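*Asks:* So you can see what is in the structure, the chains are spelled out below.
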Amino acid sequence: MRILVVEDDLEAQRYLVNGLKEAGHVVDDAADGDTGLTLALSRPYDVAIIDRMLPKMDGLRLVEEIREHGNSTPVLFLSALSEVDDRVKGLKAGGDDYLTKPYAFVELLARIDALMRRRHPSAVKTRLQVGDLELDLLTRTAKRNSSAIDLQPREFRLLEYLMRHAGQVVTRTMLLESVWEYHFDPQTNVIDVHISRLRAKIDKGFEAPLLHTVRGAGYMIRARA
Amino acid sequence: MRAPNVLRTLAFRIVLIYLVVFALSATAIVAFTYWNTGRALDAQTDQANETEVASLSEHYERFGLGGLSDAIANRSIHGGPELYLLVDTQQRPIAGNLDAWPETSAAGGDLVEFDYERRVGSGSERRRARGRIFALTGGFQLLVARDVYERHETERYFTTTLPWSVGLVVLLGVLGGALISRSFVKRLDSINRTSREIMAGDLSRRLPMGKSGDEFDVLAANLNRMLDRTERLMRGMRDVTDSIAHDLRTPLNRLRNRLEGALHTIDMGRGATGELEAAIEESDRLIATFNALLLIAEAEAGVAREAMAPVDLPGVVEGVAELYAPLADDKGVALAIAPGGAATIRGNGSLISQALANLIDNAIKYTPSGGKVKVAVEDRPAGVALSVSDSGPGIPAEDRARVLERFVRLEASRNSPGTGLGLSLVAAVARLHDAQFELADNRPGLKATLLFTGSAIRALPPPVHPRPFKAG
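Heads up: the protein sequence lines correspond to chains A and B, in order.
For the first sequence, the numbering used here begins at 1 and goes up steadily by one.
For the second sequence, the numbering used here begins at 226 and goes up steadily by one.
This is chain B alone, in the form it adopts within the complex (with noise of 0.2 Å):
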């Protein structure tokens, strides 16, 4: 999933049609050339013919057959591309070198083609010829021809040697594409790791740049720099949490301080305690909240990141379970472990266990006496998933992605005590591990469920399964 296949890139796509487009023009640029030289030396070879036809002629109407045998016999004795053949009325050769009337084949007007044995050495071999017949007075042919073995021998070669070429044309091609987009993946994951790194929190870091000043520079150039305006805008987030923590919380919790003060050292009267006392518990609500908020704003942006750890989900399941336990016991609802194997994951234990808790305590806030809830750590293929089911009322679908907005309560669970930020801290805790956090329909109530996955389970080793003892 993380190398990118070379062969499955845009860049070795582009490669492979250009390089498709490449070897028909070529081949098609080869094919015109030959076509063209085949046809300039079939002109030149007709050419010569004619020339030797037309002198042969003149010959035999200025001396007659025996001077047309004659000049015949004298040209062959050169033993050059020439081939000549006059045959009388019953085709019997008279003169020439060639030892009987070929068979030939037309090759457009009066000119022919055909094969003969030509004698090399003690034997011979069978060679092709081009030329003319041409009719003379008195009943005579004459066949004018030209060797052209030389011209077929290259035809030949050129359509063996063809389909090699574009082969090696397409093979190279392949190569220099998959080198070439070796190359530009290289960088792009280079760029997608980096992003990855940035999606999962650390925003502090920035694409590598090359010295060429290339498209990828470029782009690169403009993406750090968009970076560098949304951690500026992250930092200037996280100033404002932090000054509300130093700005507002302490005089909270001062106020705090002074009523608990004033209720221990005034003497009042029953009802100013209950007023002081209601005073505390309303500035340790709000106190809740800003810290709440403050979790939140941490988690999301990836402070707690530091404190990963490996986690092992059931015993965190098995304690924050038993804390609520009580709880539970007291509504009348029944909290229930699904039984399930090992599964550790890389986090922040703390914060899944507040996460947890949170879930848990919703649970039971929300199940009605005699219901059940169910916490459950499963080993799935996606992932590892930590879910908290109940038998409530449930989460209408169109609200589930509200409620996991901070201080979003739905119209039912106003009365009820909580800050609203439950559920907003435990979707900041999945994402700070990249965890999928996904309200379900349990039919009926709510399941919620936390699916770990990618680098809170791809960094530990793989769990150790018991070898079952074979026996025999």
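Chain A on its own, in the form it takes in the complex (with noise of 0.2 Å):
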């Protein structure tokens, strides 16, 4: 995937350039506003991850115009600000999902990865699939290997969410900004608690376990490859 970063502080920048990189991304990077929106007109991205703030054009100036010239590439914005408001307006200038600084690289990934697939939909889905578990999105119910499976609805939309993201990291904060819209840590990790009841739902009593934890980082669903 080609990845365009747009970043002012070098060494966040290398540190950010490196490790897209080393999980296999093609990376382009720009350390001003107006160096990027050249960049980003010029060649087409992926995913460009731009900071909020920039020398010459701020990011969210980059964004929209960006956004005018009728590029939609997915944005992510990075900010040292974590501000609600601030998030909305990182939004609202056209960008994709917001990420507050400092993250872990996981979740930059995780997230970065989220983008793409959006970027390449398939065409709309009414039943989610993986392995023998299958969600019908229209009747709201799910069933693995046949037989019915009970969910509540806030269960239905976590599973929702991994199904759509399925052989994918899902962090924590992923799941708690899409599923409950929150933007906050929690105190105790009560995501755990809500995966391992979903988990006992699904994966109990089937030899193959479809919801994985993924070491510091979250959680992943997939079928055994």
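Simulated from the structure, these hints should not be mistaken for lab results.
Incorrect hints may have been included.
Stated by the list, open to error - Distance ranges between label pairs, derived from CB positions: (1) A:L10 to B:A497: 54 to 62 Å; (2) A:R67 to B:D464: 32 to 40 Å; (3) B:T455 to A:M53: 22 to 30 Å.
For clarity, every value in this text was computed on a predicted model and none was experimentally measured.
Positions of the beta carbon are idealized from the N, C-alpha and C atoms, including for glycine.
Dock chain to chain to rebuild the complex, using the hints, since each chain is given by itself in its own frame.
*Replies:* Okay, structure coming up:
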């Protein structure tokens, strides 16, 4: 995947670029808004990672410019500011996701992974399937190996999010943001409890577990490879 | 509550006290002047009478009774204020312009005062006179007096007018006092209003200054200088926390990512992997602590004030309680929401959710299995209360203020996970919303209450209560 990184803090930029390259991506970088805009408009990118505070043209303006040129490259904002209204401003300006610094690298990878998939959506799905687990989005029902699984509405949303990102690492923060719409750190890891409940419903009594814990990162749902 | 009653201000009270003193002294001065003038007029009258008496008695001595009668008749013709009456031993009038010997009242010494009838046109009127009685040799008595009607009328006018004048003075004084106090109140009010805004966190506000350089302007200038200093200090503190965020959080995070990278790339023995994972968890906890500290700093600096919007409290409660329900369930703690009506406040929804999450998290953490945690939203007369009560061990009364400080954890909870910042954040969120945060005894357990008052509930339109359908 081809990724554009616009970040003025050179150390942070090097770290980001190296990390992305190690993860197998092709990376272009820019240290200010003007260069970032030139690059963004001259080549196609799968994802752009843009810092909010940039010299010459700030991140918000940069994304607005990109969008005005009809370019719909998914944008992930990076910001040192963690306020809710900042997040809202970023998303309003045309950003697709928002991550506050400092972030865990797995969090960033998981999010750009999610953004790139969003870019190439398969036809509107009414059913999701991972292994022998099926989710019917119209009737809001789940079944595994043809036996129905009784899910609470929130559990259904949790499973739906995991299955939409099947094979991808989904972090606890992503789950809290997308399934519960909270943007804060719960003191105790409440998400783990929800996951273990869900796991008890979908994996218990089956030989091959589908819901996996990815150490130091989060969770992933996938059928046995 | 906001517009102070003009009548209850200090300025008005001072004006009122001054007014009483002024009215009393003015009345005293006028009364003295009146008394003194009266005395002088009386003395003048007496003097004139004295002269008459002296001259008439001389006549009597020189010309006898006949001469005296002639003189009296002569003097009576003028119709002036002078009154004469000469009577014999049986008090029968001999000469004079009075018809009969009047009933007199003593007015000191041989002076008398009396009323008499005076012909005016066809009728007559009763008038007052003042004079003296002079006994002549041979049993005759001579009354020489002057009409003091004018003076008595003046006195009467004066005594009827005086209360009105005093009343007018008081009325004008009260009006003036109200005007003066109102201008005082207006200036004090603008100072108070600005102070309240500053207390609410807007440290950039300054008190309005007039051009006259009066006491109020001097006061405002001094307060403004004080605010400049406070703002500088606050900004310094914020800069320090920002520096912590930037200088410590970022390298800490890189450390975490390096550890993570090492975990993924290096194939190590089982023991080393476990150590690395533990190190990652440790750094995650540190990052969480920094994040919490920064959030508290932001909330305290009032930065999040701009993100204030209507917040549906029962909705917040429902959401957070749902998030924590499995956790409570796993621990065998019953988490319940008390039934309540709608309550919308003005605030930062995300921070209120986080504060509530911290409170519920704590309550579940410290409540033993089989216990209860209850979350309630109540519309009280004092404001809207959001409370979380548990049946755990509670917090001793003497420790309740201390646990709100940063990093304070009571001995009993040393071993449970947490940053020690949970309640500090709740307190900071409470301050941001001008809410009262109170920890109380739930007998047994702890009841934590956030009472939203003032600006959090004032700015909202009144709630629409469904009107009961009236039959008939």
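*Asks:* Each of the hints needs a verdict: does it hold here or not?
*Replies:* Now for the hints, and whether the structure bears them out:
Look at L10 (chain A) against A497 (chain B): about 32 Å separates their beta carbons, and that is not inside 54 to 62 Å. Checked against the hint of 32 to 40 Å, the C-beta distance between R67 (chain A) and D464 (chain B) comes to roughly 34 Å, which is consistent with it. In this structure the hint that T455 (chain B) and M53 (chain A) lie 22 to 30 Å apart at CB holds, the actual value being about 28 Å.
Taken one by one, the earlier hints fail for this structure only at number 1.
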